[in-house]
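J.: Sequence:
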Amino acid sequence: MRELTSEPPAKWTLYGLPLQKGLALGVGAPLYLPTYGSPIWFDPRLFAQDEDEWHSIEYRMPTEPVEVVGIVRDLSDLPPVLAPYVRVVGWIVERAPDPPLPQTPTLLVPKLPALLPPEATVVLDANAGVAYIEPSAAVLARYQSQILRVATHTRYHLEGAHLPVTTWDGKRLQTGCVAAEWMQTAAAAQSGAELVWLESETLPDDIAATAHALGGKPLWLYDPQAPARDDPHWQRLLRMSAELNLTLLVSELDALQEAYASLEVARETLRTEHVPLGRLEIGLQVESSESFSLAGEAPLLAGQELPYAVCWRVPQFTKAVADALWGQQSLVRRLGIRRALILPDAQPETLGIALGMEPQFLFVPLEHLDDAKTRLMRLSVTECREWLLMRLRRWRDPDLRQQPQRWIEQRA
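Using my numbering, the first residue of the sequence shown is number 73, and each one after it goes up by one.
Heads up, none of these hints are tricks.
Pairwise CB distance ranges (calculated): (1) Glu-340 to Glu-191: 29 to 35 angstroms; (2) Leu-407 to Thr-344: 33 to 39 angstroms; (3) His-127 to Gln-92: 40 to 46 angstroms; (4) Arg-167 to Glu-340: 22 to 28 angstroms; (5) Gln-297 to Glu-377: 17 to 23 angstroms.
For the record, the hints were derived by calculation from the structure and aren't laboratory data. Positions of the beta carbon are idealized from the N, C-alpha and C atoms, including for glycine.
Start from the sequences and build out the full structure, keeping to the hints where you can.
T.: Here's what the structure looks like:
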């Protein structure tokens, strides 16, 4: 149970709309000028009248850039030159910037305080839509530990089996594996998978251990019971997503919209508790079969909040399944939604069909991961797409079926 305290979370607590989600901590930099005077965070030598004055200004360049959270009424009003030792890790703005948006966490607030200290500690939690200026010791400690964990866990292994997969024609494909249970996620991450898919109706007791085992790699969690979950469950998922790179998959379009609504309720509840919240994505899981098609759901998909990704689980590639999947992938591609496939094995023919669909993510069973990564590097997305179009017209042609195997052998 959380201890009750009368201490306010910060001297200023700003609530707003996240324009770019994320978490940042730095020194506050009110880049607008609340009073007349020298611009804050500028190199004082920039205002020297001559070389002698430039040399007379006592100034020492820090060895590391100072990380700041920029607080500004409008990004278009920013001065053209910032000191070279300043790195902006987040923005708090009064007016929404014109596209393209900054890549750092960005929070749109209705009103900034009239006068802010030039060097106040700022915690920006754009996942929760809140910023703390001069936070309390408890809030600062909580976010510092969270950012440290995130910085540690967002590393990607850059050697050996952990190298990302690049196809023969230079396309990047995120390749993951299927875990049977929570305990297997560690083995999945250490085996070289770039992301992990798991079906589970329960959540782990030790989130920190799971996050450490995944090492920042994304986890796609499929929960068949998601529509029946209560508010405390959604709140726990949000807390988990602060430590895990988490995507929740649901099985129905109606459940997708309910999940977005439940997530927003949970976010509003937790926002006032001053705890770190993560960016929980919601995706759609589809059991690929000859009878199921998303084509009839196009108006619903187009008129509602779209999923982060659509993931098809393919038990076996038959001609009917491949035909249906081709149409579904085309629809989802037109809507601009990410596409993923869960494959039954890593046979050359299976991988060739999958690459022909041009997904962004592929999942294979854990025991097939090494074979899948090796073979995918010897296959071309462009060639597989052209091959698949011919294959759909002549599905039983034995010569066509062997083509992916021949490509792999030629390029070994």
